[in-house]
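Trainee: One-letter residues, chain by chain:
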Amino acid sequence: DAGITQSPRYKITETGRQVTLMCHQTWSHSYMFWYRQDLGHGLRLIYYSAAADITDKGEVPDGYVVSRSKTENFPLTLESATRSQTSVYFCASSPQAPGLINGSPLHFGNGTRLTVT
Amino acid sequence: SQQGEEDPQALSIQEGENATMNCSYKTSINNLQWYRQNSGRGLVHLILIRSNEREKHSGRLRVTLDTSKKSSSLLITASRAADTASYFCSSGYNKLIFGAGTRLAVHP
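Taken in sequence, the protein lines are chains A and B. According to this note's numbering, the stretch in the first sequence is residues 47 to 163, in order. According to this note's numbering, the stretch in the second sequence is residues -9 to 98, in order.
In short, the hints are calculated from the structure, not lab data. Hints should not be assumed to be uniformly reliable.
Said to hold, decoys possible - With beta-carbon atoms standing in for the labels, derived distance ranges:
id: 1; chain 1: A; residue 1: Thr161; chain 2: B; residue 2: Glu43; range: 35 to 45 Å
id: 2; chain 1: A; residue 1: Gln142; chain 2: B; residue 2: Asp56; range: 38 to 48 Å
id: 3; chain 1: A; residue 1: Ala98; chain 2: B; residue 2: Asn12; range: 34 to 44 Å
id: 4; chain 1: A; residue 1: Gln142; chain 2: B; residue 2: Gly30; range: 25 to 35 Å
id: 5; chain 1: A; residue 1: Glu60; chain 2: B; residue 2: Gly6; range: 41 to 51 Å
id: 6; chain 1: A; residue 1: Asn148; chain 2: B; residue 2: Lys16; range: 40 to 50 Å
id: 7; chain 1: A; residue 1: Val111; chain 2: B; residue 2: Thr67; range: 42 to 52 Å
id: 8; chain 1: B; residue 1: His47; chain 2: A; residue 2: Ala97; range: 26 to 36 Å
id: 9; chain 1: A; residue 1: Trp73; chain 2: B; residue 2: Asn28; range: 34 to 44 Å
id: 10; chain 1: A; residue 1: Ser115; chain 2: B; residue 2: His97; range: 46 to 56 Å
All values reported here derive from a predicted model rather than from experimental measurement. Heads up, the beta-carbon is just placed ideally off N, CA and C, and yes, glycines get one too.
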């Protein structure tokens, strides 16, 4: 099916472990984004990518690593998970820069709920 | 820091009433976007208003934009219980920055 899918849907991991959240989109959108959502903070941008092999930091990048070797995939890795990284993580994609005068909206996945114990 | 800030944080109304949510932003924009999020789901795009537009309609949604005040409002007319959700405004260029959202509860 076309769309944007995130996996896993739920993940429990221990402090200090490395964990990778996956994001896959079938539209060949250029732009992809990772957000985290916590109560009281809304959505905060972690990293984004304008194209394959081009990534840039968002508002809260510390403790996270991203890569984008293929247009359709944008994995997010927590190198050494901490309890403060317990959150719901959303991936999104857009065909072009969303802030252009005729910009495109973001298409969101359904999120990964990550718990770090 | 967040680019968009929604107000109020929470809103509770009866079915059939109108709901108004406000958004303020900090820097100049080309467009401002509104999204909706149902509990446990990803955000869904509702409407995009360009910086050269003052008002835009989509069904029961009406969005206004005042670039001189760096503010926008989202009006949902004749609300329904199914409109219960969180609503977010966002703006940016390469990256969209979201506010904390307005939680809307519509009671039957």
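Trainee: Determine for every hint whether it applies to the structure shown.
Mentor: Hints versus structure:
no.	hint	result
1	A/Thr161 to B/Glu43: 35 to 45 Å	holds, 42 Å
2	A/Gln142 to B/Asp56: 38 to 48 Å	violated, 26 Å
3	A/Ala98 to B/Asn12: 34 to 44 Å	holds, 39 Å
4	A/Gln142 to B/Gly30: 25 to 35 Å	holds, 29 Å
5	A/Glu60 to B/Gly6: 41 to 51 Å	holds, 50 Å
6	A/Asn148 to B/Lys16: 40 to 50 Å	violated, 22 Å
7	A/Val111 to B/Thr67: 42 to 52 Å	holds, 45 Å
8	B/His47 to A/Ala97: 26 to 36 Å	holds, 34 Å
9	A/Trp73 to B/Asn28: 34 to 44 Å	violated, 22 Å
10	A/Ser115 to B/His97: 46 to 56 Å	holds, 49 Å
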